[in-house]
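When you line the sequence shown up against the numbering used here, it's residues 1 to 287, in that order.
Not one of these hints is a red herring.
Quick list of the computed label-pair ranges, beta carbon to beta carbon: (1) T178 to Q14: 40 to 50 angstroms; (2) R203 to N28: 48 to 58 angstroms; (3) R211 to D49: 43 to 53 angstroms; (4) G133 to Q98: 27 to 37 angstroms; (5) M208 to A21: 43 to 53 angstroms; (6) L144 to Q14: 26 to 36 angstroms; (7) F146 to T30: 24 to 34 angstroms; (8) G113 to A255: 30 to 40 angstroms; (9) R18 to A204: 38 to 48 angstroms; (10) E139 to V26: 28 to 38 angstroms; (11) T202 to A21: 37 to 47 angstroms.
Heads up, simulated SDA-like pairs for lysine to any residue below, C-alpha to C-alpha not over 20 angstroms straight-line: (12) K171 to G232; (13) K171 to E139; (14) K171 to A231; (15) K171 to R234; (16) K171 to D186; (17) K171 to G270; (18) K171 to V271; (19) K171 to R182; (20) K171 to R32; (21) K171 to L187; (22) K171 to V191; (23) K171 to E278; (24) K171 to A188; (25) K171 to E183; (26) K171 to V82; (27) K171 to S279; (28) K171 to L280; (29) K171 to S281; (30) K171 to E115; (31) K171 to D140; (32) K171 to R181; (33) K171 to R189.
Derived by calculation from the structure, the hints in this document are not laboratory data. Ideal Cβ placement from N, Cα and C applies to all residues, glycine included.
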Amino acid sequence: MRQPAEIDEVEHDQSLQRASAAVRQVWNITPRVAVVLGSGLGGVADRIDVEAVLDFDELPGLATTTAPGHCGRLVCGRWAGVPVAAFQGRLHLYEGHQLSDAAAPARLAHALGAETLVVLSAAGGLHPRLRPGDVMLIEDHIDLMFAGPMAGRREETPRRRAWRRSPYDGKLGEIVATAARREGFDLARGVYVGVLGPNYETRAEYRMLRRIGGDAVGMSTVPEVVVAAEAGMRVLGLCAITNSGLPDAPQKTSAHDVLTVAEATEQRLGVLVRALVESLSGVNGHG
1 MRQPAEIDEV
11 EHDQSLQRAS
21 AAVRQVWNIT
31 PRVAVVLGSG
41 LGGVADRIDV
51 EAVLDFDELP
61 GLATTTAPGH
71 CGRLVCGRWA
81 GVPVAAFQGR
91 LHLYEGHQLS
101 DAAAPARLAH
111 ALGAETLVVL
121 SAAGGLHPRL
131 RPGDVMLIED
141 HIDLMFAGPM
151 AGRREETPRR
161 RAWRRSPYDG
171 KLGEIVATAA
181 RREGFDLARG
191 VYVGVLGPNY
201 ETRAEYRMLR
211 RIGGDAVGMS
221 TVPEVVVAAE
231 AGMRVLGLCA
241 ITNSGLPDAP
251 QKTSAHDVLT
261 VAEATEQRLG
271 VLVRALVESL
281 SGVNGHG
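Build the full structure now, drawing on both the sequences and the hints.
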């Protein structure tokens, strides 16, 4: 007799198959790269030569997103000649979704055949050198969303043991770091802390998160990364620093402020993602 967790997994797999079929009905191409775009960052997808668009509610397993700055669409097309699938928005635990829902874009990306996942998010800066408007390359994360058990239902494998050292691909990180230097802007590097939200942190929480090794804090990213790494995908994580989480210099933060600052980083993030995409096509250039 199946346990409830096994039944849920079967249902998710069936939804995933239906979602994949729905995408292939309108775009029967295998993406090389999938991109998940966080709060205020949906405009990065405007650089794609669009061939198909589906709303999340047209895709089984992807619910309608309610978070500000997330339009909830899957944009399919080509970027620098490379097939790309971009999720304009994501699903968050604080919206009432389950971990499996939050990870659904990564699962669908893998089912469509994407080998690389790029996750972009808005985050608060914990490191004193990070300022609103900076862009940070995620080198590792601290999971305070307890997303790890999603991948733990299956038996232990060498691949899982390997990605647990860090699910983020260092070679992809070097590609975007090189692009940032070429374009003349600083790219910070650090550790992302994933928390449940939806509230912003207290001064004491900022101190705690910094002391455990965090450089930036956000309410997303980790579920998608955990599932993508488990599936064997290469992962690149970038976050726009939208506010400073400094306990000795606290600042008021609103969703509007976060979206405004995130949107101001779109051009630089677009340059970095394009550099990654071009590296897969063998084309050198700027964007």
